[in-house]
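Which chain is which? The protein sequence lines are A and B, in order.
If you count the first sequence from 1, position 143 lands on 143 in our numbering, and the numbers rise without skipping.
If you count the second sequence from 1, position 54 lands on 54 in our numbering, and the numbers rise without skipping.
Quick caveat, the hints were computed from the structure, so don't treat them as lab data.
Since we're looking at a predicted model, the values are computed, not measured.
Ideal Cβ placement from N, Cα and C applies to all residues, glycine included.
Hints are supplied without guarantee of correctness; some may be wrong.
So the derived label-pair ranges between C-beta atoms look like this [what the hints assert, rightly or not]:
id, chain 1, residue 1, chain 2, residue 2, range
1, A, Glu58, B, Arg132, 53 to 63 Å
2, A, Pro170, B, Asp201, 49 to 59 Å
3, B, Arg240, A, Lys89, 28 to 38 Å
4, B, Gly226, A, Ile261, 53 to 63 Å
5, B, Asp130, A, Ser262, 34 to 44 Å
6, A, Asp241, B, Ala237, 22 to 32 Å
7, B, Val218, A, Ile17, 38 to 48 Å
8, A, Pro170, B, Asp249, 13 to 23 Å
9, B, Lys243, A, Ile232, 52 to 62 Å
10, A, Asp99, B, Pro170, 23 to 33 Å
11, B, Val218, A, Ala14, 39 to 49 Å
There are 2 protein chains.
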Amino acid sequence: MRVGYVQFNPVFGARQINFKKVQKLLKNVQADLLVLPELFATGYTFTSKQESHDLAEETGEETTIFLQNLAKDTGAVIVAGLPLKKQDKVYNAAIIVNDHEVIGMYEKIHLFNKEKLWFSPGDEGFKVFDIRPWKLGVMICWDWIFPESSRTLALMGADLIAHPTNLVLPYCQKAMTTRCIENHIFAITANRYGSEARGDDKFEFGGQSQITNPWGEVLSSGPKTGDSVDVIEIDPALSRDKKLTPLNDLLTDRREKYYRIS
Amino acid sequence: MRVGYVQFNPVFGARQINFKKVQKLLKNVQADLLVLPELFATGYTFTSKQESHDLAEETGEETTIFLQNLAKDTGAVIVAGLPLKKQDKVYNAAIIVNDHEVIGMYEKIHLFNKEKLWFSPGDEGFKVFDIRPWKLGVMICWDWIFPESSRTLALMGADLIAHPTNLVLPYCQKAMTTRCIENHIFAITANRYGSEARGDDKFEFGGQSQITNPWGEVLSSGPKTGDSVDVIEIDPALSRDKKLTPLNDLLTDRREKYYRIS
Numbered sequence: 001m002r003v004g005y006v007q008f009n010p011v012f013g014a015r016q017i018n019f020k021k022v023q024k025l026l027k028n029v030q031a032d033l034l035v036l037p038e039l040f041a042t043g044y045t046f047t048s049k050q051e052s053h054d055l056a057e058e059t060g061e062e063t064t065i066f067l068q069n070l071a072k073d074t075g076a077v078i079v080a081g082l083p084l085k086k087q088d089k090v091y092n093a094a095i096i097v098n099d100h101e102v103i104g105m106y107e108k109i110h111l112f113n114k115e116k117l118w119f120s121p122g123d124e125g126f127k128v129f130d131i132r133p134w135k136l137g138v139m140i141c142w143d144w145i146f147p148e149s150s151r152t153l154a155l156m157g158a159d160l161i162a163h164p165t166n167l168v169l170p171y172c173q174k175a176m177t178t179r180c181i182e183n184h185i186f187a188i189t190a191n192r193y194g195s196e197a198r199g200d201d202k203f204e205f206g207g208q209s210q211i212t213n214p215w216g217e218v219l220s221s222g223p224k225t226g227d228s229v230d231v232i233e234i235d236p237a238l239s240r241d242k243k244l245t246p247l248n249d250l251l252t253d254r255r256e257k258y259y260r261i262s
Numbered sequence: 001m002r003v004g005y006v007q008f009n010p011v012f013g014a015r016q017i018n019f020k021k022v023q024k025l026l027k028n029v030q031a032d033l034l035v036l037p038e039l040f041a042t043g044y045t046f047t048s049k050q051e052s053h054d055l056a057e058e059t060g061e062e063t064t065i066f067l068q069n070l071a072k073d074t075g076a077v078i079v080a081g082l083p084l085k086k087q088d089k090v091y092n093a094a095i096i097v098n099d100h101e102v103i104g105m106y107e108k109i110h111l112f113n114k115e116k117l118w119f120s121p122g123d124e125g126f127k128v129f130d131i132r133p134w135k136l137g138v139m140i141c142w143d144w145i146f147p148e149s150s151r152t153l154a155l156m157g158a159d160l161i162a163h164p165t166n167l168v169l170p171y172c173q174k175a176m177t178t179r180c181i182e183n184h185i186f187a188i189t190a191n192r193y194g195s196e197a198r199g200d201d202k203f204e205f206g207g208q209s210q211i212t213n214p215w216g217e218v219l220s221s222g223p224k225t226g227d228s229v230d231v232i233e234i235d236p237a238l239s240r241d242k243k244l245t246p247l248n249d250l251l252t253d254r255r256e257k258y259y260r261i262s
């Protein structure tokens, strides 16, 4: 399976410009799975709820169509972040598409800081998508800091995790090696880079998109700053045997009755 | 609060020699909390259940008395690993003592590889001990790979985690930075070093004992090989405010209803 990330520097509110940037970066790229950053087409630094509503889309609109065309051109399943409108709510979401269908949506469960002001928290739980013969889990950015996110996806049978991000803290890339070891799973973290100053906020996004294997080895790491696309071959089947020693299975060795959940 | 680890190379089955090694390393050391490795007085590489039973002790026996004298000499609460006999079972356990009492015991919940052949798995759950004014969680070695271990201790109110280890895999020290970030907690990992060859097994233990703060910063790191004692000043109160951003509290932001436990 050929999997990859697209790291770039979106311009706030300029959907068409961002589409063109991505399209250019993926010219002549072929893959089975491509992950784009969180909120890749709109930018990150919203300053009001009105703004996030104005830039949000429903499934099937402009961003969906762009991503499906991208799926057609690259042969890949695409996972990408967008502000998603559903009834009267807007979610920080990811859409999963191939060239002929919307495979699904994931609405971010753990919102970071002021995202709580602009978005509704995901209310459909974690989801694992069937992209035969593999099971794809999706989480978005800050979900990483809660070990329950990737653990839930692993328990649901995910072989790999697509992880669109807009990271402003320096911890995630190293932590993803632990997430992958503890669940014996692959992860593709697609981060943006560059700075964005709007309203009272100025963010620096740290790049360093990363593909991590079930032993916590970093198979690919993007630069801190700069466009970067990397596609590598992985075998997601390597995630399925959870035995780290002859007598230790990472999932069946769990002793649930001793775990507190609240 | 002055906390530290004792890293050394125990000799298998030679309790008195190991006591002397520890005593020598702690000569003139004063602290509030000292953590010794897993199975510090017996060594690790058991070859039969009979052997683990023969080297096991009940609370109050030789190892307890040694540790209480050590507590007297150093002024510290001591956490140390030992094979613990209770009724007809033997656990890979930790004992927590001060100069005048046994504060408690923790029986390792997640056994590593052949430990499953020599020990019974802990059946009393995770525990947090009151060492006023602080709350001390204890986990042993392989417990680290299950994020549920340190999460449970954090949810039980632990300010810091004492973590006796005999590490043979290279992942734990880096992972402890993630454990400390995700729970905003301190941890003291006390590892042994050296090699031990018995029966069919030969292990190399990796040293690098470590004190980690709630931001995942490594405050102290021992050598891969060699005796090492380090005592540093920490303020466990820094673990109590779980807000990593103005709007994000690492524990109350958890969305339990979406977490799978099995």
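These are the hints, each one checked on the structure:
1. A/Glu58 with B/Arg132: 53 to 63 Å: Hint holds: Cβ distance 57 Å, inside 53 to 63 Å.
2. A/Pro170 with B/Asp201: 49 to 59 Å: violated (39 Å)
3. B/Arg240 with A/Lys89: 28 to 38 Å: holds (34 Å)
4. B/Gly226 with A/Ile261: 53 to 63 Å: Roughly 41 Å apart at Cβ, these two residues miss the hinted range, so it is violated.
5. B/Asp130 with A/Ser262: 34 to 44 Å: With a Cβ separation near 21 Å, B/Asp130 and A/Ser262 fall outside 34 to 44 Å, so the hint is violated.
6. A/Asp241 with B/Ala237: 22 to 32 Å: Once the Cβ atoms are compared, 44 Å apart, the range 22 to 32 Å for B/Ala237 and A/Asp241 is violated.
7. B/Val218 with A/Ile17: 38 to 48 Å: Distance hint for B/Val218, A/Ile17 holds at roughly 42 Å.
8. A/Pro170 with B/Asp249: 13 to 23 Å: holds (20 Å)
9. B/Lys243 with A/Ile232: 52 to 62 Å: 38 Å Cβ-Cβ, so the 52 to 62 Å window is violated.
10. A/Asp99 with B/Pro170: 23 to 33 Å: violated (42 Å)
11. B/Val218 with A/Ala14: 39 to 49 Å: holds (42 Å)
Violation of the numbered hints given earlier is confined to hints 2, 4, 5, 6, 9 and 10; the remaining hints are satisfied by the structure.
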